[in-house]
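Participant: Position chain Z relative to chain F; hints supplied.
As they're listed, the protein sequences go chains F and Z.
Sequential numbering from 1 applies to the first sequence in the working numbering.
Sequential numbering from 1 applies to the second sequence in the working numbering.
None of these hints come from the bench; they were simulated from the model.
What you are looking at is a predicted structure, and each value in this text was computed from that prediction instead of being measured.
There may be inaccurate statements among the hints.
[As the list claims (entries may be wrong)] Label pairs and their computed distance ranges (CB to CB): (1) F:E88 <-> Z:A109: 38 to 44 Å; (2) Z:D136 <-> F:E88: 32 to 38 Å; (3) F:Q52 <-> Z:Q306: 52 to 58 Å.
Positions of the beta carbon are idealized from the N, C-alpha and C atoms, including for glycine.
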Amino acid sequence: MTSFPCSLPVKITHWNATVLPDGRWLLYHADKGIAQTLTAPAGILWELCDGQTPIADMLSQMAEFYPDTADTVLAEETAQMLQTLLDEGFITCDESA
Amino acid sequence: MMSQPDRLETQPAEVQLLMLCLHRDLSPDQKQRAIQLQSNLDDERLLSLAEMHGVQPLLYRGVYQLREQLTDHTTLIDTLAQNITISATLYEFIYPQQLTTILAALNAAHIETLIIKGYFLGRHIYGQAALRTYGDFDILLHKADVAAAEKILVELGYYPDEGDHSPDWFLEHHHHAVPYLHESMLPVELHWNLSHNKHDTQVTIDIDAVWEQSQPYTVNDVPTRTLSPEHQLIYLCIHALNTHLFQMGLKGLSDIYETLLTYDGQLDWDVVVATCQKWQCSHHVYLVLTLVQAFFEVPLTQTILQRFNQGGFDPKFLLYGVNNLLATNTNSWELAEVIQERNLQHVIHLTWRKLFPTRQEIAAYYALPAQDWRIGFYYLPWQFRLLRQVIGYGKQYLEKDPAISQLAAHETTRREMLEWLKHG
Numbered sequence: 001m002t003s004f005p006c007s008l009p010v011k012i013t014h015w016n017a018t019v020l021p022d023g024r025w026l027l028y029h030a031d032k033g034i035a036q037t038l039t040a041p042a043g044i045l046w047e048l049c050d051g052q053t054p055i056a057d058m059l060s061q062m063a064e065f066y067p068d069t070a071d072t073v074l075a076e077e078t079a080q081m082l083q084t085l086l087d088e089g090f091i092t093c094d095e096s097a
Numbered sequence: 001m002m003s004q005p006d007r008l009e010t011q012p013a014e015v016q017l018l019m020l021c022l023h024r025d026l027s028p029d030q031k032q033r034a035i036q037l038q039s040n041l042d043d044e045r046l047l048s049l050a051e052m053h054g055v056q057p058l059l060y061r062g063v064y065q066l067r068e069q070l071t072d073h074t075t076l077i078d079t080l081a082q083n084i085t086i087s088a089t090l091y092e093f094i095y096p097q098q099l100t101t102i103l104a105a106l107n108a109a110h111i112e113t114l115i116i117k118g119y120f121l122g123r124h125i126y127g128q129a130a131l132r133t134y135g136d137f138d139i140l141l142h143k144a145d146v147a148a149a150e151k152i153l154v155e156l157g158y159y160p161d162e163g164d165h166s167p168d169w170f171l172e173h174h175h176h177a178v179p180y181l182h183e184s185m186l187p188v189e190l191h192w193n194l195s196h197n198k199h200d201t202q203v204t205i206d207i208d209a210v211w212e213q214s215q216p217y218t219v220n221d222v223p224t225r226t227l228s229p230e231h232q233l234i235y236l237c238i239h240a241l242n243t244h245l246f247q248m249g250l251k252g253l254s255d256i257y258e259t260l261l262t263y264d265g266q267l268d269w270d271v272v273v274a275t276c277q278k279w280q281c282s283h284h285v286y287l288v289l290t291l292v293q294a295f296f297e298v299p300l301t302q303t304i305l306q307r308f309n310q311g312g313f314d315p316k317f318l319l320y321g322v323n324n325l326l327a328t329n330t331n332s333w334e335l336a337e338v339i340q341e342r343n344l345q346h347v348i349h350l351t352w353r354k355l356f357p358t359r360q361e362i363a364a365y366y367a368l369p370a371q372d373w374r375i376g377f378y379y380l381p382w383q384f385r386l387l388r389q390v391i392g393y394g395k396q397y398l399e400k401d402p403a404i405s406q407l408a409a410h411e412t413t414r415r416e417m418l419e420w421l422k423h424g
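Bound conformation, chain F alone (with noise of 0.2 Å):
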């Protein structure tokens, strides 16, 4: 999990969120009028992202919500989603943001 930017990711605030009765999360930007959906446990990430929670601790919080999934493919699939939210600007590296 090192080649992700920071160690302390934090959610963009404008982003406000609700849990689908499916698990999906539903993301809504009122400032743009955008909704996005996220996996469960993309979601899930994106709720850890608080500015304080270090990546690592991010991971041991994941397998407890995942605990049949391999240590190994959870580091891997967690680093992915994390990028994705990223990419996607759904968190931000920016302590200031």
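Facilitator: Coordinates of chain Z only, in the frame set by chain F:
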């Protein structure tokens, strides 16, 4: 002509599955029942039915629990999944923001507000705003504040909908002001009471007590108020009957079911009973709760339920409720109401009302926009349609068609039920 179901099992598969899906958590037996229903299920009809009743999000909540059972209906599940994304965007984010804007503006003018139905039911009773659809904001105000609140709505870009009746008519005959419309926000109804006796019942709501027992609430941190749990339950029962005679559909039934579950252990039934006696709505509550209990397992004992029954209940009132709840077309019943009426003045009034319905009714029937200038031209086709209907019924009457007897019996039950409601 409509059927007269007396058991859920006689209903089409779509109705049965929809009723199953209204349950919060499906039991193994209910899941098994869903498997039995799936071979007879028409997905389009199910979606349309759920849409008509305003419960498509609840259908998805149920169907998602049945995803392993409904193996032949993956397209249905996918469609519902797409639709919930859209409705969640509206009911979780966009509409609450609109409501926040309205409440903040009223607060700034020192107007105290109490939100009823809609957003509160979704957020607090159903546990998720996306599960409870609504088409307007219902806000209770002190009557003295209504005029000022209307001015504030106008400042926000709202305008009164005078297509149905004039603002003065609403002030005189209704429990809320003329509805206010907006180009890009949901309509608003400013209430000064929770109900009026549309069907000549005698419910007398103590609105001062409603305010006294109301509870603080916030919408996106903007202060407002909401009904106490006891008043919430009573209000929903009165609304189902007094305003709609059960024609509000399954959404209204679901509201009461969810309210009973959410407030389980919190409701003071002594307060509910005493309030109903004071407001003269015990029979309203008895009938509605009996109906809810017929469809759902709810935390409601017979001992409590019977405290609302002051005698004279006829089980056919329940059947009337079921019929109205599940009906897709009530036009024939309204005509039967005229045929059966004995009071000449009332016959004239009803006939005039049928021949000259509101512009809103014409617009809804012919699928026209609410303010369409062509609405006036549709009155003549409407009247010809009624004339054809009357001739048709006359013919059926002469041929002694049993469906006419069913219509007449339905209307007789309605009158007897309304009479019984007055005595509770």
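Participant: For each hint, tell me whether it holds in the structure or not.
Facilitator: Quick rundown of the hints versus the structure:
1. F:E88 <-> Z:A109: 38 to 44 Å: With a Cβ separation near 41 Å, E88 of chain F and A109 of chain Z satisfy 38 to 44 Å, so the hint holds.
2. Z:D136 <-> F:E88: 32 to 38 Å: Cβ of D136 of chain Z to Cβ of E88 of chain F: about 35 Å, so the range 32 to 38 Å holds.
3. F:Q52 <-> Z:Q306: 52 to 58 Å: holds (56 Å)
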